[in-house]
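Chemist: Residue strings, one per chain:
Number of protein chains: 2
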Amino acid sequence: MSQEYPNPELLNSIINEKHAQLIPILKEVDIDCWMIFVRETASTPDPAMELVVGGDVVGQSAFVFSLKDGVLTKTAIVAYFDENATRGKGLWDEVIGCKKGLAEPLQNLMKKLKPKKIALNYSKTDVTADGLSYGMWLILQDILADYTDKFCSSTKIINALRGRKTVTEVELITKACELTEVINQSMAKKFQVGMSEFEVQEKFFEEMDAHGVGAAWQKQGCPSVDAGPDKELGHDFPRKDLVIQKGHTLHNDFGVRLKGYCSDIQRMWYFGKYDEIPDELHHAFDTVKEAILRASKVIKPGIQAYKVDKAARDYVIERGYEEYMHSLGHQVGKQAHDGGVNLGARWEIYKGKTDLPVEENNVFTLELEVRTKHYGQVSLEEMIVVTKDGCRFLIPPQDKWITIE
Amino acid sequence: MSQEYPNPELLNSIINEKHAQLIPILKEVDIDCWMIFVRETASTPDPAMELVVGGDVVGQSAFVFSLKDGVLTKTAIVAYFDENATRGKGLWDEVIGCKKGLAEPLQNLMKKLKPKKIALNYSKTDVTADGLSYGMWLILQDILADYTDKFCSSTKIINALRGRKTVTEVELITKACELTEVINQSMAKKFQVGMSEFEVQEKFFEEMDAHGVGAAWQKQGCPSVDAGPDKELGHDFPRKDLVIQKGHTLHNDFGVRLKGYCSDIQRMWYFGKYDEIPDELHHAFDTVKEAILRASKVIKPGIQAYKVDKAARDYVIERGYEEYMHSLGHQVGKQAHDGGVNLGARWEIYKGKTDLPVEENNVFTLELEVRTKHYGQVSLEEMIVVTKDGCRFLIPPQDKWITIE
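The listed protein sequences correspond, in order, to chains A and B.
Using the UniProt record's numbering, the first residue of the first sequence is number 1, and each one after it goes up by one.
Using the UniProt record's numbering, the first residue of the second sequence is number 1, and each one after it goes up by one.
Errors might be hidden in some of the hints.
The list cannot tell twin chains apart, which means a pair is met if one copy fits it or any two copies do.
Said to hold, decoys possible - When the alpha-carbon atoms are kept at most 25 Å apart in a straight line, the in silico PhoX-like pairs for lysine-lysine are as follows:
1) K310 / K100
2) K89 / K219
3) K259 / K273
4) K89 / K240
5) K111 / K27
6) K189 / K373
7) K89 / K203
8) K203 / K259
9) K190 / K74
10) K175 / K114
11) K150 / K124
12) K297 / K27
In short, the hints are calculated from the structure, not lab data.
Construct the entire structure; sequences and hints are all you get.
Modeler: Have a look at this one:
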């Protein structure tokens, strides 16, 4: 039985936890009304739906959270054929089902709420806060023509809400990490010299099916599998013509989705005896491991994200390697790339994400690679949760080369 | 092994078929350039991606189709970490990987192409043509500031491209329908009086797992299961407290996703002997069956969609029932609700979709229900493909009550 997604009871219980978080968050960002405005979410999902609504809707729908005098009011306006399913979840103070479109009930709701601002899901910087389509934006301009001056971006709300993992969420992400480790460890018996990257990936798929979990990102590249010195790590798919050889490394980037939560872990193997591993590979491995460790010692609530990246990046350069061409870490949760604060360098492409402060209960990857002269790239990825005064690894980091003889 | 999605070879081969369709379509709609503009599509997918790109991208990406002098040029501009995977698909004349964002390469491409129009994926009427987020629209205003007067909606392109199924697509949708029928038929041995709707759904899930197929829409409601006279059909989920009883009907609305294509079928069972079925149920069943048949005899290329709905709707009213509160049919393909032309009444909520002409190779559902006085609703849903001069049912329609004693 598939365990990729949570059962309805667990899903609703987590959503209720997220709703409770909304009260302090809306106060903090000084926004009194947040609206999710969607239709046919099987085709065009808004990532905020999984966070605070759960499931799909077919017709045009507005999910409105309003905070007044410290009281959160939650209203769902949906088409009549989505009404029963929405009501059945028990998440809403009021569910309004409409047969003739939502324009009138939505206008009436706004007249009642008199919001100072209406936060909508659009964002130039954060994809997880950018679920409003341009077509739906145009529709909203018509329906709420009298309120367009109140529209603002919900980026800050969603970043906080998605980033601050509840206890349940951290537990579920940890379970996904643990299962990832179980599957990775079971592979030691299944890998052998002569197998292609593609065959290795098939073995992972078998294990994932056996555990009833899904891939944390598109399956064709989850796990990625990279054999030998010539494969460029990154987002290339496993190849049928690249084969494991003795004296070569094997790398994967792998995450599962278990009960709706993702893991994202990189591991490395060496084909040969431990005492045959070249010094160059040891030097590279120790550098990556130590860089991640240093970053983990620096991160804590309040630190600007780029400083965490810098701790790892500086060390890599100090050890004589080229710096990695990506950020040290991203958040992980319902999505493998969970948006919000990013542990990146202050480059243009990460603008708006690296100067923000890290928060308690954020879950991050710490990941980087270095390039050796003769043996290709060495890359690891670990996962941490930010604690009150530092961080904690969700599963033990890879400590040394895993050898397969 | 999961068969929910096609293997990469099949996926790419279908995408190539869709690319070939683009040449006459772009001519027809008089648009010389179509651009899909996306990022992190695992979080915010654009439904056009599955049609003409395949797979996900992480970084900001532009997929540009340009038609000049009858020649289609296909360019992908992606982040450097998406470059290998994009190139590996072999779908693009040029793949441009960028390390510093796509603004400059995209501006350069537009200087080269000099498009008269640039169609973008936004639509007030059609969700499958509305994949551009508002945040990405804002970004595009900056990057292509000199071209904003050329922006137009790609609705007509996507409606034609998604709607005109290729031979391969019709074959795959037919296989999904056939498997749906196989699973439905296998249920006759598994249903029994005393089972709850929820337990019935579990039986379906087991069969779906055994066949390695996914649900065509959100699993919690796929299949829907409706037992007895008091359950309102529609999008309500199966309940644990509603139990099959002798002399009652059972209804489901069920579709699988097989190799990326969906089915969407409704069937009805009666618990008891055939000769015990009340006349009222026979009358209702025959009405629904005949209404669907009448619509199937009217539909052909060129007919305005609402006229097909009218053929069924008029008959239902003529037989003394209330008219159904939805459209007679929607398209089916990669999505269970596949956008475009809709076989609906000319109501406000279907505006822009019901006056359009039906086209050859469109795949539609024909579905409706009537309400009996004593036994609840009777509802059926069949699937057809529009042929040169009429239509063909993809699998045989339900002909009479299926009885379970």
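Chemist: If a hint holds in the structure, say so; if it doesn't, say that too.
Modeler: Hints, one by one, checked against the model:
1. K310 / K100: Only across copies: K310 and K100 sit 20 Å apart there, 55 Å inside one copy, limit 25 Å.
2. K89 / K219: Only across copies: K89 and K219 sit 15 Å apart there, 30 Å inside one copy, limit 25 Å.
3. K259 / K273: Neither, since 38 Å and 43 Å both go past 25 Å.
4. K89 / K240: between (46 Å within a copy, 14 Å between copies)
5. K111 / K27: within (21 Å within a copy, 47 Å between copies)
6. K189 / K373: Answer is neither; intra-copy 29 Å and inter-copy 64 Å both fail.
7. K89 / K203: between (38 Å within a copy, 23 Å between copies)
8. K203 / K259: Both: 22 Å inside a chain and 21 Å across chains, each within 25 Å.
9. K190 / K74: neither (51 Å within a copy, 41 Å between copies)
10. K175 / K114: neither (43 Å within a copy, 53 Å between copies)
11. K150 / K124: Answer is both; intra-copy 18 Å and inter-copy 22 Å each pass.
12. K297 / K27: neither (32 Å within a copy, 60 Å between copies)
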